[in-house]
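There are 2 protein chains.
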Amino acid sequence: MIQYPNGKKLISSSLRTKASTNFANRGMDFEGAINDSNAYYLSRKIAVIHKKPTPIQVVKVEYPKRSMAKITEAYYRQASTTDYSGVYRGFYIDFEAKETKQKKSFPLKNFHQHQIEHMKAVLEQKGICFVLLYFATDNRCFLLEAVHLISFFNGQISERKSIPLSYIEEFGFQIQPQLKPRLPFLAIIDQLIEGGKAYR
Amino acid sequence: MIQYPNGKKLISSSLRTKASTNFANRGMDFEGAINDSNAYYLSRKIAVIHKKPTPIQVVKVEYPKRSMAKITEAYYRQASTTDYSGVYRGFYIDFEAKETKQKKSFPLKNFHQHQIEHMKAVLEQKGICFVLLYFATDNRCFLLEAVHLISFFNGQISERKSIPLSYIEEFGFQIQPQLKPRLPFLAIIDQLIEGGKAYR
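Which chain is which? The protein sequence lines are S and Y, in order. Going by the numbering used here, the residue at position 49 of the first sequence is 49; the numbering climbs one at a time, nothing skipped. Going by the numbering used here, the residue at position 104 of the second sequence is 104; the numbering climbs one at a time, nothing skipped.
The hints are simulated quantities; they were obtained by calculation from the structure and are not laboratory data. None of the values given here were measured: they were computed from a predicted structure. Be aware that one or more of the hints could be misleading.
Any copy will do: because identical chains look the same in the list, a pair fits if it lies in one copy or spans two.
Within a straight-line C-alpha distance of at most 30 Å, the following computed BS3-like cross-link-like pairs (lysine-lysine) qualify [to be verified]: (1) Lys104 x Lys65; (2) Lys109 x Lys126; (3) Lys65 x Lys98; (4) Lys109 x Lys52; (5) Lys52 x Lys120; (6) Lys120 x Lys70; (7) Lys104 x Lys60; (8) Lys126 x Lys45; (9) Lys103 x Lys120; (10) Lys60 x Lys70; (11) Lys52 x Lys98.
Throw the hints in and build the complete structure from the sequences for me.
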């Protein structure tokens, strides 16, 4: 139940000053690129998408000063939903972002059963749900609709414990980084909406 | 910047066993009623609405055991968005829930400028945004569309620092608690959607 998500929580965004369009092998920068993109979309009134706070179970709180609480014992909890959600053009947007150092496939162990159930529920409510998959070694980022991930997770496509890169190349959408927004993933959502793949 | 939101974080939902339809003067039960309602809507595949985790700034983490992180210093941060969001019938749902012990008006100090800005941005993206207002003393709960709160906050309706109950009675919707879901607020959203007040 208690896990330390990714060890990256102490790095403030102000430390990531260089908005490079290349974030290979730099770990945090994938998440940074997504957060920067969401900040760009928000500032331009294009979309309202936020990363949810990491769920933390607070056990002990002290009050060294008046009206200021200091948490002295707490633990990370596993998220039961995806990390990102928001609204774009009237559509509910919901996604998870994960990266791997593998080159030929994306391991399913990056996702939890709870998240898969959440994605199914979102699709049933006609939300737009997907994952952003980052192959760090080759510096390639893809948007893959959740329906594919769900099928793989349930073993409907294959018994493999990972999604082959070839499958992601065929059914996903590669995102080319640019200056602003760094990861223009909403351009792909536009394609899905206009193609009638998003229902309301 | 650092605040302790409401001191209620340690009460697990399992401690709230009696799903009473009356939650007057019992503080936590208003939030409990909302969470129970969202759990009901989720389990019946009616909607996917979650309370966002409380944002916490982690300062120090220790590793007393392998693969288990213990947070030993952290602080509550002020939320920049609303507490609840999700998807219902393809619509993005976003709301904040607040209660007061006052009888004749709802104090605006319950809301922060950041939250008001967030509500405006959500409305611009055609999300459905509202507040659930609970008058604890008289045990009455209302749904008020965010547009009203925003107008009051900006001083467009009056210079008052609170929204009069009479205004909320006229422009809001009272929610009658029931057994399941305890607070059937989505019935009011149905009215808004069918009345054409929600745009896509």
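| message | Checking an output row: Lys104 and Lys65, CA cutoff 30 Å. Within, between, both or neither? | response | Result: close neither inside a copy nor across copies, 53 Å intra and 34 Å inter.
| request: State whether the alpha carbon distance between Lys104 and Lys60 is at most 30 Å within one copy, between copies, both, or neither. | output: neither (45 Å within a copy, 37 Å between copies)
| request: Could you figure out if Lys109 and Lys126 sit no more than 30 Å apart (CA to CA) within one copy, between two copies, both or neither? | output: Answer is within; shortest intra-copy Cα gap is 26 Å, inter-copy 35 Å.
| request: Can you give me the call for Lys52 and Lys120, within, between, both or neither, at a CA distance of at most 30 Å? | output: This pair counts as both: shortest intra-copy Cα distance 19 Å, inter-copy 19 Å.
| Are the CA atoms of Lys120 and Lys70 at most 30 Å apart within a copy, between copies, both, or neither? | The answer is neither: 38 Å in one copy and 32 Å across copies each exceed 30 Å.
| request: Can you give me the call for Lys52 and Lys98, within, between, both or neither, at a CA distance of at most 30 Å? | output: both (15 Å within a copy, 20 Å between copies)
| field | Identical-chain pair category, Lys109 with Lys52, by Cα at 30 Å | value | Both: 21 Å inside a copy, 24 Å across copies.
| field | Status of Lys120 relative to Lys103 across identical chains (alpha carbons, at most 30 Å) | value | Answer is within: at 28 Å inside a copy they meet the 30 Å cutoff, but 43 Å across does not.
| query | Is it within a copy, between copies, both, or neither that the alpha carbon of Lys65 lies no farther than 30 Å from that of Lys98? | reply | between (39 Å within a copy, 26 Å between copies)
| query | Within a copy, between copies, both or neither: where do Lys126 and Lys45 come within 30 Å Cα-Cα? | reply | both (23 Å within a copy, 12 Å between copies)
| query | Using 30 Å as the alpha-carbon threshold, which applies to Lys60 and Lys70: within, between, both, or neither? | reply | Both, since 9 Å and 12 Å are each at most 30 Å.
Hint compliance for this structure: hints 1, 6 and 7 are not met, and every other hint is.
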